[in-house]
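Protein chains in written order, with the UniProt record's numbering: chain F, 1 to 170; chain X, 1 to 302.
For each label pair, taking beta carbons as the anchor points, the in silico distance ranges come out as:
hint, chain 1, residue 1, chain 2, residue 2, range
1, F, GLY56, X, GLU97, 57 to 65 angstroms
2, X, LEU19, F, GLY135, 18 to 26 angstroms
3, X, GLY50, F, PRO121, 29 to 37 angstroms
4, F, MET104, X, ALA29, 16 to 24 angstroms
5, X, ALA29, F, LYS150, 26 to 34 angstroms
6, X, LYS56, F, SER99, 49 to 57 angstroms
7, X, ALA79, F, ASP42, 39 to 47 angstroms
8, F, GLY56, X, VAL83, 28 to 36 angstroms
Which residues of chain X face chain F? A partial, calculated answer using Cβ under 7 angstroms:
hint, residue
9, ASN4
10, THR39
11, ALA43
The hints are simulated quantities; they were obtained by calculation from the structure and are not laboratory data.
Just so it is clear, CB atoms sit at the ideal spot from N, CA and C, and this is done for glycine as well.
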Amino acid sequence: MNTENKDTVCEEEVFSTIFKDNSKTVFNYIYYKFGNEEKAYDAVQEAFVKLWENCGKVSPKKAKSYVYTVANNLYLNIIKAEKVRLKYADKSLKTTHESPEFLMEEKQFKEKLDRALDGLPENQRTTFLLNRIDGKKYAEIAEMEGVSVKAIEKRMHLALKSLREQIEGI
Amino acid sequence: MQENYLAKWLNNELTETELSEFKKSDTYASYQRIAEASTHLEAPEFDIEGSLMAIKNQQILNEPKVVRLHPFKKFLRVAAAVVILITGSYFYLNSLEDTVVTQYAESKEVLLPDNSQITLNAASEISYDSKNWNKKRSIKLNGEAFFKVAKGKRFTVATEDGIVAVLGTQFNVANRKGFFEVTCFEGLVSVTFNGIETKLPAGNSFIAINGTIMENTVADTEPSWMNNESTFKSIPLKYVLLEFERQHNITVETKNINTDQLFTGTFSNTDTELAVQSISVPFRIKFKFEGNKVLFYAENTP
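Given the sequences, and given the hints that come with them, work out the whole structure.
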């Protein structure tokens, strides 16, 4: 990343790049945790304003984990998790030429998946969605959450397990 | 199967044997479907540009916070200047002495902070520091003045010619050009003239005319000018005439007259006609008023 060559986040260009690279993930991260879009948006704003205010103290390398920490701490234990509403990418529906029965079955499956995701513990859901939707590697998620990679693997494993159990009605 | 194999599987970290084993299990299809379906999920939309703009706008709003130091510095500069000005003028004003001046034919009474009284004769000036008066009783005198000094610390009157120091008494100091006279009416006065100190008891006067010292005695209890008269005892006529000018605010001219003759007598400080006669009669000289001028001349000249 070219931002890492520069010395300070106080450079507007550096700050903008960091923002563009990370703000969406910060937004998603907070949304997966609490299911509240507005709060997620505010968290992004707050975290990056804090980063700007402390731009002299935070190196560009540390900036990423800094904003996750700030965003996470913001609502820690303060707001109750709401229902996470996820959309389905349009492409999965457009490209299909399946029969109406299949589509119906598919729709039902997604509703079940939705419900199952909602039923997951917050840390498992966040980890699972960061990986599936945002394509984050376990190591990255571990850094965001401040836990070991192994702990993330465990969450991932448990998430898949309970999703299957939920969907299959076990 | 290793620990957390589902996570490993999603990350393509399973060994071939593990993978084929997993694929044979009846749960594999379900996991495969979940993994597949979950990639089509989308989080709510997030406007990156809009959000960045909002932050930048907030920064602009917050910007004055950072710049605020500047006008404050400016304010400090002004404040510093004002403080310097105020303290400067305070010290200047504080060091300024109180000054009392009388014009020709005028006398003034001055009451000092310790209730000492000064009566200032015509065309005279005193200055003193009233703020530090109780620490240092010191008066600068140019002209003539009568002092009634309240008892207390050393009280000094400094003139160009000599210094008068007392503790508490009544005395008169006259310091005119070439003429220095101190008369003590009560107590004891110390007069320092040309570095020589003279103790002057009550009823005595010390006179120095052009450096020549004379001592006289006086019977009065206060100087005659306090009663609107000017009294002289063996004083050269020129000093008498100068005093006459000061008391009557009139210009004196002389013609064919030796002004070094000594004059003993008194003239009125209020009645000019009478005063002129008081001076002219003993010398048998004539006088003539010409507007605000009086000419004294010898009898044998026209």
